[in-house]
Amino acid sequence: MKNSIIIFLASIVLLSCKKDVIIPPEPFPELNSIDTTGFLEIHVDNMVGNLPLILGSTNYVSSANDTFNVNIYKYYLSNVQLVSSNGLTYTEVESYYLIDQSNPNSLHLMVKKVPAGSYNSIRFLIGVDAPRNTAGAQTGALDPMNDMFWGWNTGYIMAKMEGHSPQSSEQTNKIVYHIGGFEGKDNALRTVNLTFPNAANCTQNHIPILNLKADLGAWFTSPNFDNFNNSNVITGITAESSAIADNYANMFTVTSVVN
Amino acid sequence: MKQLIYIFFLVQLFSSCSVDPEIKPIIGEDDVKEIVPPGWPAPVYTYSANTLTADGFTLGRTLFYDPILSADNTISCGSCHQQFAAFAHSGHDVSHGINGLLGNRNAPVLQNLNWSPTFMHDGGILNIEVMPLAPITNPVEMNETMTNVVTKLSSSGKYKQLFTKAFGSDLVNSQRIFRAIAQFMGTMYSYNSKYDLVKSGKESFTAQEQSGYNLFVQKCASCHTEPLFTDYQFRNNGLSINVVYNDSGRAHITGAAADRYKFKTPSLRNIEKSEPYMHDGRFTSLNQCLEHYNSGIVASPTLETQLVGGIPLTPQNKADLIAFLKTLTDTKYLTDSRFSDNNF
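As given, the protein sequences belong to chains A and B, one line each in that order. The opening position of the first sequence corresponds to residue 1 in the working numbering, with each subsequent residue numbered one higher. The opening position of the second sequence corresponds to residue 1 in the working numbering, with each subsequent residue numbered one higher.
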């Protein structure tokens, strides 16, 4: 493999010697094929307490004993970092994932170009980092078409949940939480640090799986959240929205690391 | 020299008569350039990540004037942003959307936008690229989703060609749409007013214009800073609260009581042509605006301190100021064919 790369590079040098015209270099082989990097797969299980989250008519009970269902549940997971057993940190570039319960594919993330090694913990943001909020038109997970971007007040909705609760006094008993804000005291960015029960071993040929549980029930726990009667629609950047972010910062746990 | 210019225009006239109306004016690379007029600060937005090309500009221009961006294909950006009015909405106090729906703010002028750190009267939008998202998706403006816009454009043969020319493939996505519009709107430069010619020594003010300019520097320029004639800050300029809208302005974005009823200082370039005035379009003449500062300032907790007690202006002062403000009219900009509707 290495030999072929050397031949490839040499041929580029030779080619460029022969001709005056500058030939755009061929794309280099993916770094991960050079035997030093691999992937880490993350499976996210969205739950409410110990029940799997099913969008639609399934009813759940909040810690305040309110009944509710969930129609929309989406949040950003970004800036993934992995800490290896030798203390080094791998930071994924262009690390933006939109977890959308209505799209099963979005619940499986592939962290890319992970240097081969043994990893003991993961760190990521719930939300989209401040610079990317103001960086103009984005694509992929950050495309405003994903309905996670405020057009009138620039910035990403970091996490969104919509559903109904009979305890909500809103029309149609709706409950709506669009949690955003990338700067200031009421910002909704939260960093999550999770330690693995056993190391995840990444090699070129082996993709370990990190199973995460994300408990939507954590959003609606006291003291940061009261009940669906008092707080049924939160869509601005306020102390109230920031308090929900404080709650969802604690919604993740590692279920297992499977090598 | 003058004769030469006349001959030039005559030739233009004849050649435009002979042009098949189906053939659209061709924009060349020389017509689309990123510029910083002499004496101006560095722009906030540059094309470092959004390569400016004639084809990108043309796509943006086509989108700007195409009602396909609205839910019922009736309203384009150009509907409320008319070139002869410096891309404000002449004679309309607030924006008009689909189905005759009314907004609550005056459509602002569009010019020199690459210098603007924020957009909208309340400064809620922080990058020119995503600015069009607000009017496109606003229920009382174009009431459309970007998903629908992408679907509609993707099925158009015309746009397949335009996207391919601009970006190398016929893929339509929101980023390409926004970047193309930013290429068009961002290069709409207005810097050829009489004021600019006076500043560069090519023309001179009349005595009255000069008197008005002196007054302007003394009484207005601390907020309407030259050369862009705005400092882009947010202020309460003492307007009475419009009970129809009860618009809290900047506070709508920041949530701060200290920002209530503050709006962004507008540029005064082309102000002669961009009536009506103020964030809710309540004034229809420059004289009314000046009279507001003279006698109409309403005290309130967030009133701009420089406006406490108003700005005393005699009738002569006002006449002189208006004479000066008219030197900010850039006829070349208002008639520049590069910025006109090409969807005919």
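No lab work stands behind these hints, which were simulated from the structure alone. Owing to the predicted nature of the structure, the values given are computational and were not obtained by experimental measurement. Just so you know, not all the hints are guaranteed correct.
What the hints assert, rightly or not - Per the computed footprint, the stretches of chain B lying under chain A, defined by three or more beta-carbons under 8 Å from a beta-carbon of chain A, are:
| # | stretch |
| --- | --- |
| 1 | 140-150 |
| 2 | 154-168 |
As the list claims (entries may be wrong) - Chain A regions said to be covered by chain B (calculated; three or more residues, Cβ under 8 Å):
| # | stretch |
| --- | --- |
| 3 | 122-136 |
| 4 | 142-153 |
| 5 | 249-259 |
We put the CB at the ideal spot given by N, CA and C, even for glycine.
Evaluation of the provided hints:
Interface restraint, the stretch 140-150 of chain B with chain A: holds (4 residues with C-beta to C-beta distance below 8 Å; minimum three). Residues of the stretch 154-168 of chain B lying with their CB closer than 8 Å to a CB of chain A number 0, which falls below the three-residue condition for coverage. Coverage of the stretch 122-136 of chain A by chain B holds in this model, with 4 residues showing a Cβ closer than 8 Å to a Cβ of that chain against a need of three. Coverage of a stretch by a chain is defined here by at least three residues with a beta carbon nearer than 8 Å to that chain's beta carbons; for the stretch 142-153 of chain A and chain B the count is 7, and the condition holds.
Only residues whose C-beta sits within less than 8 Å of a C-beta in chain B count toward coverage, and the stretch 249-259 of chain A has 0 of them, not enough to reach three; the restraint is violated.
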